[in-house]
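Colleague: Build the complex from these two chains, which are given one at a time in their own frames, with help from the hints.
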Amino acid sequence: MRLEIGNFPVKDIRFGDQTSYHQGILTINKEEALAVVYEDDHIIDADLVIARPGESVRITPVKEAIEPRCKVSGGVMFPGMTNDLVRAGQGRTHALKGMSLTVVGKHWGGFQDGVIDMSGPGAVHSYYSQLINLCLVGDTDEEFERHEQQKKNRALRWAGHRLAEYLAKCVEHLTPEEIEVYDLPPITQRSPEVMALPGVVYVMQLDSQMEEMGYNALVYGWDSNRMLPTFMHPNEVLDGAIVSGSFMPSSSKFSTYDHQNNPTIKRLYQEHGKTINFLGVIMSNLNVRLEEKTRSALFVAQIASTLGAQGAIVAEEGYGNPDADFIQCIVELEKAGVKTVGITNECTGRDGRSQPLVALDPRADAIVSTGNVSELLDLPPMDKVIGELESIARDGNSGGWAESVRPDGSIIIEDNAMFCGDMICGFSTKTVKEY
Amino acid sequence: MKKGILYINQFFGQIGGEEQADFEPVIREGLVGPATALDEALDDVTITHTIICGDNYMGSHTEEALRRISGFLQDKDFDIFFAGPAFRAGRYGIACGNVCQMVQEQFKVPVVTSMNDENPGVEMFRQKIYILKGGKSAADMRKDIKAMAQLGQKLAKGEPIGAAQDEGYFGRGERHQTVMDPPIPAADRVVDMLLKKLNNQPFQSELPIPKPDRVPIAPAVKDLSKATIAFVTSGGIVPKDNPDRIQSASATKWGRYNISQYKDRLPAGEYKTIHAGYDPAAANEDPNRIFPLDALRAYEREGKFGKLHDYYYATVGTGTTQGEAARMGREIAQHLHEGNVDAVILVST
Numbered sequence: 001m002r003l004e005i006g007n008f009p010v011k012d013i014r015f016g017d018q019t020s021y022h023q024g025i026l027t028i029n030k031e032e033a034l035a036v037v038y039e040d041d042h043i044i045d046a047d048l049v050i051a052r053p054g055e056s057v058r059i060t061p062v063k064e065a066i067e068p069r070c071k072v073s074g075g076v077m078f079p080g081m082t083n084d085l086v087r088a089g090q091g092r093t094h095a096l097k098g099m100s101l102t103v104v105g106k107h108w109g110g111f112q113d114g115v116i117d118m119s120g121p122g123a124v125h126s127y128y129s130q131l132i133n134l135c136l137v138g139d140t141d142e143e144f145e146r147h148e149q150q151k152k153n154r155a156l157r158w159a160g161h162r163l164a165e166y167l168a169k170c171v172e173h174l175t176p177e178e179i180e181v182y183d184l185p186p187i188t189q190r191s192p193e194v195m196a197l198p199g200v201v202y203v204m205q206l207d208s209q210m211e212e213m214g215y216n217a218l219v220y221g222w223d224s225n226r227m228l229p230t231f232m233h234p235n236e237v238l239d240g241a242i243v244s245g246s247f248m249p250s251s252s253k254f255s256t257y258d259h260q261n262n263p264t265i266k267r268l269y270q271e272h273g274k275t276i277n278f279l280g281v282i283m284s285n286l287n288v289r290l291e292e293k294t295r296s297a298l299f300v301a302q303i304a305s306t307l308g309a310q311g312a313i314v315a316e317e318g319y320g321n322p323d324a325d326f327i328q329c330i331v332e333l334e335k336a337g338v339k340t341v342g343i344t345n346e347c348t349g350r351d352g353r354s355q356p357l358v359a360l361d362p363r364a365d366a367i368v369s370t371g372n373v374s375e376l377l378d379l380p381p382m383d384k385v386i387g388e389l390e391s392i393a394r395d396g397n398s399g400g401w402a403e404s405v406r407p408d409g410s411i412i413i414e415d416n417a418m419f420c421g422d423m424i425c426g427f428s429t430k431t432v433k434e435y
Numbered sequence: 436m437k438k439g440i441l442y443i444n445q446f447f448g449q450i451g452g453e454e455q456a457d458f459e460p461v462i463r464e465g466l467v468g469p470a471t472a473l474d475e476a477l478d479d480v481t482i483t484h485t486i487i488c489g490d491n492y493m494g495s496h497t498e499e500a501l502r503r504i505s506g507f508l509q510d511k512d513f514d515i516f517f518a519g520p521a522f523r524a525g526r527y528g529i530a531c532g533n534v535c536q537m538v539q540e541q542f543k544v545p546v547v548t549s550m551n552d553e554n555p556g557v558e559m560f561r562q563k564i565y566i567l568k569g570g571k572s573a574a575d576m577r578k579d580i581k582a583m584a585q586l587g588q589k590l591a592k593g594e595p596i597g598a599a600q601d602e603g604y605f606g607r608g609e610r611h612q613t614v615m616d617p618p619i620p621a622a623d624r625v626v627d628m629l630l631k632k633l634n635n636q637p638f639q640s641e642l643p644i645p646k647p648d649r650v651p652i653a654p655a656v657k658d659l660s661k662a663t664i665a666f667v668t669s670g671g672i673v674p675k676d677n678p679d680r681i682q683s684a685s686a687t688k689w690g691r692y693n694i695s696q697y698k699d700r701l702p703a704g705e706y707k708t709i710h711a712g713y714d715p716a717a718a719n720e721d722p723n724r725i726f727p728l729d730a731l732r733a734y735e736r737e738g739k740f741g742k743l744h745d746y747y748y749a750t751v752g753t754g755t756t757q758g759e760a761a762r763m764g765r766e767i768a769q770h771l772h773e774g775n776v777d778a779v780i781l782v783s784t
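Protein chains in written order, with my numbering: chain B, 1 to 435; chain W, 436 to 784.
No lab work stands behind these hints: they were computed from the structure.
This one's a predicted model, so the numbers in the text were calculated from it and none came from an experiment.
Glycine included, each C-beta is placed from N, C-alpha and C at the ideal position.
Where hints are given, some of them may not hold.
[Stated by the list, open to error] A short list of chain B residues far from chain W (calculated; beta carbon distances all over 12 angstroms):
| id | residue |
| --- | --- |
| 1 | VAL86 |
| 2 | ARG92 |
| 3 | GLU145 |
| 4 | GLU148 |
| 5 | GLY214 |
| 6 | TRP222 |
| 7 | LEU268 |
| 8 | ALA324 |
| 9 | SER369 |
[Said to hold, decoys possible] Subject to a maximum C-alpha distance of 30 angstroms in a straight line, what follows is the list of computed DSS-like cross-link-like pairs (lysine-lysine):
| id | chain 1 | residue 1 | chain 2 | residue 2 |
| --- | --- | --- | --- | --- |
| 10 | W | LYS657 | B | LYS433 |
| 11 | W | LYS646 | B | LYS339 |
| 12 | W | LYS589 | B | LYS433 |
| 13 | W | LYS698 | W | LYS657 |
| 14 | B | LYS97 | B | LYS266 |
Excised from the complex, chain W in its bound form (with noise of 0.2 angstroms):
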């Protein structure tokens, strides 16, 4: 018999409603809430352990959070780890997704998860993770708690899983292929389609093309002598203790830092790189390379433009998805609107 150890919220798991969101990670031995449903729907796996968090504590102490949780499970015999459903919860999902993704990378035990597409979590975590495509709200519990036995127990028993489609998780970007069931050839799939097409009928494109997301180019700053320009960058420049906790690939944090009192350069010691992408030894050396203060400095002093921003905003651009990507340039613009800046010029590396 396989072993599987279910993480849960404070309200799943008969602590408390948002009252009790800051209750601080334990694990319990035996069922908790929706432990007893997930235990009975799975055949050959059974459920020793839940663990509760509140969705706030996780939310403003994620380390902290992770870190006694990974103590929890330290001395545990386990084949499979599951979290959620998290329905449309946000910050539950949030949770579920960096606890699973925590536990997969510390213990190399699968992990699985359930969420509504709606909730944020999928976005962030499902490149790295099993989440299975969960309903709207705990309405919906019965159905999900079954997807995920399912789905976790062929990955308990190291079964071959199959295509997101067929198997009902959000699809994890890589593209393999698979033989069909039925074996239809090609020859008949494409004739199939062109009919279709033809006769203005739906059809499925075994290979989807996403959307170009294009941006207009902006028209060109009339009076640039009288323009405040700022600087953002994904190419990691950060003070040197990091202190938004950007992570070093796969960003979904950003952080914005006043440089009003460097007036030539950004200082070699005090601002370092944290991007896992390339070779920090040279912007480290010095950060004007990535962020070129000290140039901008001088196009300042020479009136080329009228100020440069106080702040400069800054990211990893390695790793991270185009959805975490366009969710933070939405949250930096809205800064730059506020701080009345007509213009960016944006760095990559």
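Same shape as in the complex, but just chain B (with noise of 0.2 angstroms):
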């Protein structure tokens, strides 16, 4: 399968007459991407607002980013979604890079929304703090679950999906600066140099831990719930396949932009044909149940035994329940022969004396720290809010409680609140140590 994207860089966003691209400078006609907004009736209040890298801007409740994208060899994004179903990964796409489509609530966040800061000690802690970013700032009419912590946030997510595509379509024609090409054939037609090397497998856990529908991530628009392990390209995941779920503490998740970009499966694309023969991924979900949990991680393992993998990278959404599901994944990998890495965060309490994970397990003897969701944020006031600040403190937020958010406009928080911030999908340059 191969796939093309096609890059615009984005270095700055303007309002104006009509949408558009040109050398670097993505030009908005509010009004016309404001109407793709105003699609779904249940969005009763909408305004873009643009926060570039450095500025003293704090974003919360973020909800979603997406990375602006359309297909232009036929075929849509995000299909399952907000297209109709057909294949993703193959053929060429066009992007806006070094900018996030950036979902956020007008007045309402809750225990999934995050916070990214735009310059300051908490930049660090989201990887959007590096992007321009668009932000779509949204109220709707969902009054069902206005004053749930939990929120499925289904009309401004899905808005920003419809949003990203359109602002996209303006550089459909255009010739991109430069061309990503991901070509990995099937794998019974590799050369024997390729078939030599160790096969391996990109095991993604994603978060489906909600029992109820419209909460969990997106296979092709399935909830991640309801499905079984199952055998994906990684230009699936990297085109469009999988849309971010809303639930789970901000920190853990992958926003659709992190599945967009999964720097671990770019880096293994590199790798391919030189140190590994890279299979594919394994696309699997975190569960409630001892025994969907089990289920899942012997089918994990039996998927990577078959294709033949000899090691896998196990990537957990999220942290606390689903650790079990994450540990017992590599333990099943190993007993199957198959050498596995894990990449996930931890949970090692406001002293960070508590086990960092729920399950542990000696088998599980190669694992990558993202980070410690923990850990206490005490991060300064910023000159200009992008939603509301008082979310943080009055929604639920995972890791907000009643006094997080002071006065001055200071905010003290637990890494859980800030927007993917430990970026498990590998964009993370934090670790945790022993102190």
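Modeller: And the structure:
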């Protein structure tokens, strides 16, 4: 399967008459863009606000981040979600790089929503501080969940995905500055040299612990709670087949942007044919019941063995209860003779002395740690807030509590609250050490 | 200029060797023994006093020694407290740990000591204080003093302290996040680790998982009616005056108490709990709720088992480190063997 991603670097974003891209400047016709947002009657208020790296800006409650892209070779973005079901991961996709379409609640946040600081000590705790954030700030009539801690955020998330595709349409017929090629032939049709290298799979454990539909990560629009682990081409992940959910403390999440740009997949591609034979992605999930955890772990080990994998990377989109899924999956892979490395974050408690994962096993002898959800972050006030600061303290943010927002605008939160802050997808330059 | 004070034993305090190990604590103005080198190694801190105490005196009169040292410090102005380095000297290491812990708690001043990894003081105190990884003997004095000065200076000035492996101290059991220097993305770290694992090269997990230390379950007692049964508790039930001074938390001591005179039950008022990890009211009202001597005597009378061992064993299980618990377990097991005990009921709270 061959995917080309044509890159259009965005150096700045402006509002103007016509949504267009010229020499690194993305101009947006705000009215037209908001019309795409308002296609859903549930959106009752929407605005677009730009936040640039280095600015004294705090964005919260952040619900989702998407890299604006469109297909130029037929096909659609986010099949099964905002568009019809077609295969993703092949042909040509155009992408607006260096920016994120960031979906923000105008007022209401929740357990799963996050914080982005564009500068100051909080900036290192979110990858999105490095990007130009075009914030879709909106409110909805989803009264059933307005005061719920757990929110599906459906109207705003879907609006974000529609808007992201709309924006990218302005580069559909332009020539990209560079083209990334992701070409991985069928696993039985690779050269003897490649076949001689150790086969490696990337196992993704998507956030899927809500029994009710509408909160979990989506695979071609399908709720990942209702699936068995399956084998996927990495290009599908990079090309919009996976959409982020609306559950799990924010710092442990993978946004849709994270899936589209997954740096672990990109690095495995770089190694393919040199040090490894990159077989593909085993798409798995995180479950509530022990039997479901076991079933998924057994399926992952079975798929990996059947493919002849000698190595695996297991990435956990979450912490706490799903640590059991993570460790069990690693143990089953190791039992099947697959050398496995895990990538996850930790929860060591306020004093740093708690057991870092809920489950431990000596067979999980290789783990990369990307952060600590319980680390306290005391962050200074910012000149401007996009969204509503009080949501951190009021709406049950997983890293906030009643006293988290101080009158001067400074905040004290757990790392949990930082938007996709532990960057388990592989962006994280953080680790956890003993002190 | 910040001020510091150093604690050393009788040997490094130039009082004398083993024959002076009962030397009682003194405080001297200025620099004695290693204090000179420490003072030289410090840029922004000056050592104002040296405290000297014999290792035996500290070991056998710990509370009194700490009380006197605390007294010496009441009117002193200091920003950092040092002890040692203690190298592999066990009594000296434990003394440094005890003094540092007392100073940290009572004076809220940062403390630094240094020990070799085989010093028993490391496991006893590493969770509570900064203990630098030191050399085996006084031949490493210069190096260890330099390390103490470097860490002590940072602490005195309130500068952030890096991770244990970067600063050279024994990890205190706290895990915190930090940005890597250089900032290598996790995607590269995870793939590099996998490549090493695939190629059977050494790699270092970022989340080391402690080896499980599981004790196999002992075979069942063949004939309970002839067996001598002993009772061991981490519930802190001790004679009311706590004769062995077992600590209420993070215990390092255990006690062994004769119960042969109690034919029915443990008398309330005579026994109590010193455990700080649970509400003691119910236990103090009736200590048999933690140590069910009443039930054990009833079974003994019924002939369910042969005999209850004449002693019971007690310590406190809250905050107690695994290392300390294992040591106490080994010591208690030795006594049980000598008492020909066939089986033990081990009870937590």
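Colleague: Now tell me, hint by hint, if it's right for this structure.
Modeller: How the hints compare with the structure:
At roughly 29 angstroms from the closest C-beta of chain W, the C-beta of VAL86 (chain B) stays outside 12 angstroms, upholding its exclusion from the interface. With a closest Cβ-Cβ approach of about 25 angstroms to chain W, ARG92 (chain B) is found to remain outside the 12 angstroms limit, as its non-interface label requires. At roughly 32 angstroms, the least C-beta separation between GLU145 (chain B) and chain W is larger than 12 angstroms, which holds for a residue marked as non-interface. Every CB of chain W is more than 12 angstroms from the CB of GLU148 (chain B) (nearest about 30 angstroms), matching its label as outside the interface.
Every CB of chain W is more than 12 angstroms from the CB of GLY214 (chain B) (nearest about 30 angstroms), matching its label as outside the interface. The claim that TRP222 (chain B) is not at the interface with chain W holds, since no C-beta of that chain comes within 12 angstroms of its own (minimum 26 angstroms). With a minimum CB-CB distance of about 6 angstroms to chain W, LEU268 (chain B) fails to clear the 12 angstroms threshold, and the non-interface call is violated. Against chain W, the non-interface label of ALA324 (chain B) holds: every CB pair exceeds 12 angstroms, the least being about 14 angstroms.
Distance check for SER369 (chain B) against chain W: the nearest CB is about 4 angstroms away, which does not clear 12 angstroms, and the non-interface claim fails. A threshold of 30 angstroms between alpha carbons decides the hint, and for LYS657 (chain W) with LYS433 (chain B) the separation of about 49 angstroms lies outside it, so the pair is violated. For the hint linking LYS646 (chain W) to LYS339 (chain B), the alpha-carbon distance of about 19 angstroms falls within 30 angstroms, and the restraint holds. For a cut-off of 30 angstroms, the pair hint linking LYS589 (chain W) to LYS433 (chain B) stands: about 19 angstroms separates their Cα positions.
Between the alpha carbons of LYS698 (chain W) and LYS657 (chain W) the distance comes to roughly 26 angstroms, so the proposed pair stays at or under 30 angstroms and holds. Of the supplied pair hints, the one linking LYS97 (chain B) and LYS266 (chain B) holds, its CA atoms being roughly 16 angstroms apart against a limit of 30 angstroms.
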